[in-house]
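Chain order of the listed sequences is Y and C.
Here UniProt numbering is used: position 207 in the first sequence is 207, and no number is missing along the way.
Here UniProt numbering is used: position 507 in the second sequence is 507, and no number is missing along the way.
These aren't lab readings, by the way, just hints derived from the structure by calculation.
Just so you know, not all the hints are guaranteed correct.
Unchecked claim - Label pairs and their computed distance ranges (CB to CB):
id, chain 1, residue 1, chain 2, residue 2, range
1, C, 594, Y, 218, 56 to 62 Å
2, C, 460, Y, 121, 33 to 39 Å
3, Y, 175, C, 555, 51 to 57 Å
4, C, 662, Y, 157, 34 to 40 Å
Claimed, not checked - Over the 12 Å line for every Cβ pair with chain Y, so calculated as not near, a few chain C residues:
id, residue
5, 257
6, 313
7, 376
8, 734
Said to hold, decoys possible - Covered by chain Y, per the in silico footprint, the following chain C stretches (three or more residues, Cβ under 8 Å):
id, region
9, 427-440
10, 444-458
11, 705-716
Backbone N, C-alpha and C define an ideal beta-carbon position, used for all residues, glycine too.
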Amino acid sequence: MRIGVITFPGSLDDVDAVRAVRLAGAEPVALWHADHDLRDVDAVVLPGGFSYGDYLRAGAIAARAPLVQDVVDRARQGMPVLGICNGFQVLCEAGLLPGALTRNSHLHFRNRDQQLRIERADTAWTGSYAEGQTIVVPVKNGEGRYVAAPAELERLEGEGRVAVRYVGGNPNGSLRDVAGVTSDDGRVVGLMPHPEHAVEDLTGPSTDGLGFFTSVLTAVVGA
Amino acid sequence: MSLDTVEVAAKTPDEEQPYSELGLKSDEYARIRDILGRRPTTAELAMYSVMWSEHCSYKSSKVHLRQFGDLPRSEHLLVGIGENAGVVDVGDGYAVTFKVESHNHPSYVEPYQGAATGVGGIVRDILTMGARPVAVMDSLRFGRADAPDTARVLPGVVAGVGGYGNCLGLPNIGGELLFDECYAGNPLVNALCVGVMRHEDVRLAKAEGVGNKVVLFGARTGGDGIGGVSVLASETFDAEGPAKRPSVQVGDPFTEKLLIEACLEIFAQDLVTGIQDLGGAGLSCATSELASAGTGGMHVDLDRVPLRDSTLTPAEILMSESQERMCAIVEPAKVADFLAVCRKWDVLATVIGEVTDGDRLTVDWHGERIVDVPPRTVAHEGPVYERPVARPADLDDLQADDPAALPRPATPEELTAHWLAVVASPDGADKTWVTEQYDRYVRGNTVLAQPDDAGVVRIDEETHRGIALALDGNARFARLDPYAGAQLNLAEAYRNVAVSGARPLAVTNCLNFGSPEEPEVMWQFAEAVRGLADACRELGLPVTGGNVSLYNQTGDVAINPTPVIGVLGVHDDVRRRVPTGWRAAGETVLLLGETRPELGGSTWASVVHGHLGGRPPAVDLAAERALGELLGALGREGLVTSAHDLADGGLAQALAESALRYGTGATLRLGDDAFTALFSESGARAVVTTTDPDAVRTTAEWAGVAVTELGTTGGDALAVEGVGELPLEGLRAAWTATLPTLFGTPEATVGSVPAGTVPTS
């Protein structure tokens, strides 16, 4: 099982995503934004960071990178894609996921250990969890406030597209406490919190984040 | 205006030059004329003025700092003082470089950019040594917490440290946040960066090899920060003077992140023979230092420098402190590969000159010679002053004003009220308001971070080798006795590293003082340096480098002397690190070390009585070393479940922090004199918890450290026999409310997003 991790100029948590993939038992494959080459990976992670310095809008420039166009094409054929933080922003800007991430309501960057409820345990990236399970992983962002038009939000809720929700406090003012959403086929997931920072007892607040990376192993084999 | 060339300068010896506006004294100007045998050109004058500034030349501090270089050579020191940062062997072929630097003056003028570029500058220093930067820390001091100007400066500084460090992908693993009236017009922003490399990867800043190319890479050069080191960092703020905002640099962390990755790839492919970052004094500094450290000369065609503003004069280009720039010496055969790596990372790179034979640094502007100087006279042979020193006239009175005379709490209720006051004071309070704005997780190697006593970072995932770092600078102690104060700060940082279970290895420092032109300030400086050097000798630790920030004063009022000391330690296995908080009930709480009635300069005297006087606690470095060895042994043997050093606020502060971390209280007995037990700030002490108190006692006996049993963990209060109970709920409420009350609860400021703000996601 080969899982690609894309590095854009300004990607920061790519090393963390690579480690999480490895600890989950898959083979991490480094992908470079400017190449038109997905190197035969079975799934892709878009890591956190500040691609292109967040210039224009967070994720807006990276969404136009050559490799992201390949990711979009493959995702539409069912390849699992996970966007974390800046990666989530890129997926929204690339049109793979609905909604947008805006400046935190309180205008501060915020890093804390955050409780999340798994709302959907049947996506490619959340199958290792139980629906309704509460996990703790770090959240850290300055532009993580999830927004969508009221009708769009209603539709997403109705279709069960909210994959992960903040509980025990909303760190950034996201509408309806949305922490992450999924595509309608459950293959693409984006979330603001950082499961890749909760994969080892030594360095994380828990190992709850590992489930995102183990989930996809089953999802790819089962597909 | 016509170009002031070397030729013109030789023909017009009597032309008036604005040397004093550039910060040079008349005798310094005369010396430049002496060196050159003519008047300097405008460009040369610009170079000398920035390089001979206090900030770059260390002209007032040099005679004292030599004591650090005279310390016995440590087996762990791979590169010593004089390079961009010292390099320490931490075992298994790993080398660590770390340094702390001030950005005080810019942060007062423009808090966000001042602090942000402070982080950017120190990160480039570490990168220049060949290391990958792996973490940052920040040591911050502001005026009174409730002063209006603190509300202007602090939020900007914190956002700037976070904004830059977060965007670079460097975890912030700790630091300090302290308040005192003396910093009202002179906040201190000291930033530390630590980097890791293999022994063979160490790079040095020198230009070798005739014909090798000089490559400038990174951001374009603009008009920001012109004269930052001379006008801003080397003069006292004057309330009447003009605003100095144009002298502050503007940072772009995205460009710096690309610069880091490009440099590391360039190092890995072995494409440079020498490298230097552009910080204070910009190109003047980088070219003259590279040339001065090498064996030959250097020639630069200044018109090749890519500009952000085409109207800049040659002198301005030489003085500009535009951020995110580096200068490398590259063999001609490797230039193409070098430029290819830069292209991959979208980093602009330009060949601007080459290494020459001979011993001159020459600079041309469109074919005309505007600089022709011996580089050593610019970079390394600037003026050196033996400034007069005088013991402060008020020191005897200050030391005689013993806090023993202060009213002490008379009842158990008063005692708990004082306890609460210390813990909830701005210095003692929970720092989450600040640290939530910093990324502490990125790179996935942060083992301990604030609020733990030391930051601990894993450097090898296979062997679990890691490092520990702490920064400490108690300025009240240093005001009462700068010699002892510097030693106490070293001792505290040493202890903070030791409680994590690490073995202390090396020392860095950032010495923040008032104007060196005041003999009383110079005396404080000289005493602090002497104290630090003596203590390092006794503890067997090398000083790997440091930074001096002078002129931290407004009018004739200087800050308290503030020597901030950093200690680096090594963990052979970070899995054995010792955290500071109490997790489980039923464990024995032990105090290691001896408590004496020492309240001079204490937090209690300051918070409860607004008092600063008497003598600081006695320095006992033998006891510090014994405690450090004991803590190391306890960590290795896994005999303690937590350890917390005792410092500001004494046992009162340490108990509160240990209990609040995971919400575990304790039942405690503090003896007949609970007041002294709680508030004394005697050194060489730590509080530990254990499930095996007998084994800890036996080990402590071997180390020669006194052990006092304080009680048992458990419950939801700190219950002290004969004193009463501090319920954790109330303690937490008071401890966490202080900073949000002063600086705003983020949630309360929900509103529209202001236009034109810096990127912060």
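Against the structure, the hints come out as follows:
The hinted window of 56 to 62 Å between residue 594 of chain C and residue 218 of chain Y holds, with their beta carbons roughly 60 Å apart. Remark: the range hint 33 to 39 Å for residue 460 of chain C to residue 121 of chain Y is upheld by a beta-carbon distance near 36 Å. Our hint of 51 to 57 Å for residue 175 of chain Y and residue 555 of chain C holds, since their Cβ atoms are close to 52 Å apart. Between residue 662 of chain C and residue 157 of chain Y the beta carbon distance is about 36 Å. The supplied range of 34 to 40 Å therefore holds.
For residue 257 of chain C, the non-interface assignment is contradicted: its Cβ lies about 6 Å from the closest Cβ of chain Y, within the 12 Å cut-off. Non-interface status of residue 313 of chain C relative to chain Y is upheld: no Cβ of that chain comes within 12 Å, the nearest being about 30 Å off. For residue 376 of chain C, the non-interface assignment is confirmed: its Cβ lies about 39 Å from the closest Cβ of chain Y, beyond the 12 Å cut-off. With a minimum CB-CB distance of about 21 Å to chain Y, residue 734 of chain C clears the 12 Å threshold, and the non-interface call stands.
For the region 427-440 of chain C, the assignment as covered by chain Y holds, since 6 residues bring a beta-carbon within under 8 Å of that chain's beta-carbons and 3 suffice. Residues of the region 444-458 of chain C lying with their CB closer than 8 Å to a CB of chain Y number 5, which satisfies the three-residue condition for coverage. Closer than 8 Å: that is the beta-carbon criterion, and the region 705-716 of chain C has 0 residues meeting it against chain Y, so the requirement of 3 is violated.
Checked against the numbered hints above, the structure violates hints 5 and 11; every other hint is satisfied.
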